[in-house]
Amino acid sequence: MAVIEVDDLTRSYRAASGIWRRSSKVIEAVKGISFEVERGELFGLLGPNGAGKTTTIKMLITLLLPTGGHARVLGQDVVKDAREVRRRVGYVFGGDRGLYERLSGLDNLKYFAELYGVPRRDQGPRIGELLELVKLDGRERERVEGYSRGMRQRLHIARGLLHKPEVLFLDEPSIGIDPVGARELRQTVASLVEGGTTVLLTTHYMFEADELCDRIAVIAGGEIVARGTPAELKRGVSGGSVLEVEVFGSAEDSMATVRSLPGVTSVVVEDRGQAQVLVVRVDTGAEVTQAVLATLGGVPVGRVATREPTLEDAYVELVETGVPA
Amino acid sequence: MTSVRVFFIGGWTSYRALFGWLSPWILIPTFIIEPVFQILFFAYVGRDAGVGDDSFFLVGNAIQFASIPCLFAMGNTIGGERYAQTLGLLLVSPARRVPLFLGRALPVIVNGLLCSLIALGLGAAILRVSIPLDSLPLLALVVAVSSFACTGLGLVAAALALRVRETAVLSNLVMGVLLIFCGVNVALSALPGWMAAVGRVLPLTHGIEAARALVSGAAWSNVRGLVVDEAVIGLGYLVIGLAMLKWFEVESRRSASLDRA
Amino acid sequence: MTAVLRLLLVGWWLQLKMRSRSAFDGILAIVYPLFFATSVLLMYRQGGSESALIGAAVGASVLGVWSAVATTASTSLQQERRLGTLELLVAAPTRFALLVVPMTLAMGTIGLYSLVATLLWGRFAFGIPISLGHPLVFALASVATAVGVSLMGFLLAVSAVRYRGAWALGTAFELPVWLVCGFLVPIAALPGWVRPISWVLPPTWGVAAIRHAAFGGSPWGDIALCLLLSVLYAVVGTWLSGRLVTSARTHATLALT
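Protein chains in written order, with my numbering: chain E, 1 to 325; chain U, 1 to 261; chain H, 1 to 257.
The hints are simulated quantities; they were obtained by calculation from the structure and are not laboratory data. Only a predicted model underlies this, so the values are computations on that prediction, with no experimental measurement involved. Careful, some of the hints might be misleading.
[As the list claims (entries may be wrong)] What the simulated footprint calls covered on chain E by chain H, stretch by stretch (three residues with Cβ under 8 angstroms from a Cβ of chain H suffice, anywhere in the stretch; the number is not a length):
hint	region
1	61-70
2	113-122
3	125-134
[Unchecked claim] Straight line, CA to CA, 30 angstroms or less: simulated DSS-like cross-link-like pairs of lysine-lysine:
hint	chain 1	residue 1	chain 2	residue 2
4	E	234	E	31
5	E	135	E	164
6	E	80	E	164
7	E	164	H	17
8	E	135	H	17
9	E	31	E	80
[As the list claims (entries may be wrong)] One-sided excerpt, in silico: chain H residues whose CB lies under 10 angstroms from chain E:
hint	residue
10	11
11	19
12	22
13	89
14	197
15	250
Ideal Cβ placement from N, Cα and C applies to all residues, glycine included.
All chains, please: the whole structure from these sequences, using the hints.
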């Protein structure tokens with residue numbers, strides 16, 4: 001049975017600007033997406049910043065009302081049965097906000113345990129258990145303002161798990177944590193799933209989604225552009241090759257021209273130190289190196305290389321073109 | 001010439017950043033409702049306590065209100081700049097420092113002046129106190145000099161703000177001291193001797209006295225001495241404030257405490 | 001019911017802890033009203049009437065109760081938004097109003113510290129002999145006033161949350177309430193049209209009760225009215241906070257970004 005059912009979910013914002021004369025325009029953040037997450041699954045919503053991931057999660061945890069479509073979590077409608085949904089899901093977001101700085105970690109947890117109606121006699125053991133899980137035991141009486149980013153993030157996870165939610169929503173949990181912390185975080189998430197919790201995770205890190213998720217939906221520009229298991233997504237990108245050209249100067253100018261060359265599937269510019277790198281996806285058999293170099297005109301060029309496409313390329317391409325590979 | 005430019009440009013940029021939230025929803029409560037009600041509050045308390053008359057509280061509180069933007073703006077500007085970590089940049093910039101910091105003061109003085117005069121006008125209308133029309137230009141001058149003097153004190157507070165974290169708390173405390181010691185609601189003659197002595201070396205005291213005299217019909221020659229005293233006191237605080245900034249700057253370069261939160 | 005009380009209690013205690021750790025909310029909330037109280041006491045001392053001075057010492061002590069709430073209530077929810085906790089509070093299954101009330105109750109409690117501090121200040125700095133007729137009843141009237149002020153703050157907090165200049169609004173209410181609720185000047189001395197406004201504000205009755213408890217007269221009617229009005233404010237505030245949350249979910253105004 002599906003634990004999360006999302007059907008043609010839409011959300012638009014009215015963005016206002018100006019003090020005296022308010023002008024407004026409508027921005028569509030999520031444009032009719034649908035997906036299902038099964039019980040016990042770890043589902044990844046993968047996409048760049050501003051793709052609509054956070055908006056989607058916020059609709060599912062009842063913080064935002066959808067402007068169209070439906071969503072059910074644990075069989076409850078996120079609009080009509082908001083209170084019931086809130087009781088049964090957990091929400092953790094990345095970054096170091098969302099904690100009471102002047103209180104200790106323990107006080108933060110006590111407060112939220114109360115908010116979620118955790119019975120008083122269960123609070124002590126539950127908090128102790130969670131502190132151990134996120135490796136904060138021994139530090140819980142210190143004020144949060146002295147915590148490192150990683151510690152804050154782990155405290156967030158403990159907070160999100162206080163009421164033993166059946167579904168946990170993790171919104172970019174690894175943002176701003178160092179690689180070691182991020183690895184520990186992934187281990188924690190993996191162990192939660194082993195324990196039977198359903199997890200919906202958003203991230204813009206390909207490898208994170210690859211390592212953790214049972215299934216992934218790639219979201220870009222408010223729409224789902226691809227979905228499947230990590231293996232399925234990888235299969236979609238085999239074939240063709242990638243041409244990388246290091247450019248010392250502005251590479252953006254020639255992007256449009258390069259994109260229009262026959263045999264070119266997509267073009268992206270990446271910054272690498274002082275240089276920019278033009279990453280060109282090329283169809284099997286097509287030879288575009290000379291043509292690409294010609295479009296650059298007088299701009300100084302460094303290393304030029306051709307390689308096999310990776311999962312990262314698939315993701316970048318999906319996000320750039322919005323067309324499934 | 002460069003100094004003049006830094007004075008104006010530096011001053012304006014900083015003030016605009018500070019009032020980035022410029023909106024009538026903030027300006028009206030802060031600069032109109034608050035001062036007018038402070039005047040009314042003390043005027044009614046004065047009536048109940050049987051001291052002073054409406055005009056006494058009107059003038060005292062209206063002029064005291066000129067000090068608030070000066071104190072807070074100076075403190076917040078420099079404190080805020082440290083917060084945004086631009087203070088270090090500002091201090092190492094080759095522009096000469098004195099005009100730089102005075103530049104911050106000018107728009108604040110104008111603000112204090114406007115604020116005070118509006119409160120004076122509205123308060124007078126509500127309490128039906130008549131202010132001789134021909135005293136207005138001199139009254140404006142007195143308010144301007146008092147605002148300048150308070151800016152001097154504001155600069156001292158701002159320099160201190162480099163050392164304490166809670167700028168707003170500090171500005172509030174200074175404001176409270178001015179409220180009690182400067183004869184705003186209790187004439188210096190009715191204060192204990194030591195308090196009156198403190199009041200005489202604070203900004204505002206002489207300005208308020210001069211303004212009260214003007215409203216009751218005194219001529220310029222009668223208040224000139226008071227206005228000069230007020231200006232000299234302001235200048236004194238300005239010098240102290242600049243010296244403190246200079247000293248903290250040297251000090252903090254050595255200990256790198258400027259950007260510490 | 002006990003769960004709700006527990007939630008209020010825990011919330012209040014943690015909020016109090018948090019606020020007393022901030023120089024601005026904690027120390028200043030106690031020191032700042034002292035400046036006004038000092039001015040006022042100096043004025044009454046100059047006036048020369050001993051009984052008026054004693055009355056003022058009691059009235060001035062209540063100034064800070066309102067200040068502690070007025071200056072912080074209107075910004076409290078924006079503070080939560082800045083901390084990033086506002087979304088978490090809304091996402092919890094508990095009714096939002098039950099999370100805001102403890103915040104303003106904690107502010108009112110800090111206001112009670114200010115009340116005690118000002119009374120002591122009057123006693124020791126001004127040597128004003130205050131002999132409270134019924135100390136226990138006085139304490140009760142003070143708590144009732146603090147509750148009234150807190151729930152007024154609750155209404156202020158939920159009505160001001162979507163307003164960017166909320167802090168300015170709160171500060172602007174500080175002095176008008178001092179004047180209109182008769183903290184020092186009897187309401188009878190104000191223009192007649194102000195009186196109906198005074199009557200609908202809980203602190204008016206709270207201050208009256210405090211005076212009765214200190215100087216004789218029955219405070220019970222005033223305490224009852226103060227609490228009754230508080231309940232009314234709480235009901236309106238709760239209704240408003242429900243609408244507020246719905247509107248925030250519609251317009252996406254919970255997050256800072």
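Check: Given the hint that residue 135 (chain E) pairs with residue 17 (chain H), does the C-alpha gap stay at or below 30 angstroms?
Finding: The hint holds at about 25 angstroms.
Next item on the list: Please work out if residue 31 (chain E) and residue 80 (chain E) have their alpha carbons no farther apart than 30 angstroms.
Entry: holds, 21 angstroms
Note to self: Hint validation: residue 89 (chain H) versus chain E, beta carbon distance must be below 10 angstroms. Holds or violated?
What the structure shows: holds, 7 angstroms
Next item on the list: May I ask you to test the interface hint for residue 19 (chain H) with respect to chain E, counting a Cβ-Cβ separation under 10 angstroms as satisfied?
Entry: holds, 8 angstroms
Next item on the list: Take the C-alpha atoms of residue 135 (chain E) and residue 164 (chain E), compute the straight-line distance between them, and say whether it is at most 30 angstroms.
Entry: holds, 18 angstroms
Check: Against chain H, does the region 113-122 of chain E show at least 3 residues with beta-carbon separation below 8 angstroms?
Finding: holds (count 5)
Notebook entry, point to check: For the hint on residue 11 (chain H), does the least C-beta distance to chain E fall short of 10 angstroms?
Noted result: holds, 7 angstroms
Notebook entry, point to check: Three or more residues of the region 61-70 of chain E near chain H by CB distance under 8 angstroms?
Noted result: It holds, with 5 qualifying residues against the three required.
Notebook entry, point to check: Within 30 angstroms, alpha carbon to alpha carbon, are residue 80 (chain E) and residue 164 (chain E)?
Noted result: With Cα atoms ~23 angstroms apart, residue 80 (chain E) and residue 164 (chain E) stay inside 30 angstroms; holds.
Next item on the list: For the pair we were handed, residue 164 (chain E) and residue 17 (chain H), check the Cα-Cα distance against 30 angstroms.
Entry: holds, 27 angstroms
Margin query: Quick check on residue 197 (chain H) please, does its C-beta sit within 10 angstroms of some C-beta on chain E?
Written below: Violated - the Cβ of residue 197 (chain H) stays beyond 10 angstroms from chain E, reaching only about 31 angstroms at its closest.
Next item on the list: Establish whether the coverage given for the region 125-134 of chain E by chain H is satisfied; the threshold is a Cβ-Cβ distance below 8 angstroms, and no fewer than three residues must meet it.
Entry: With 0 residues closer than 8 angstroms to chain H, the region 125-134 of chain E misses the three-residue bar; violated.
Hint compliance for this structure: hints 3, 14 are broken, all remaining hints hold.
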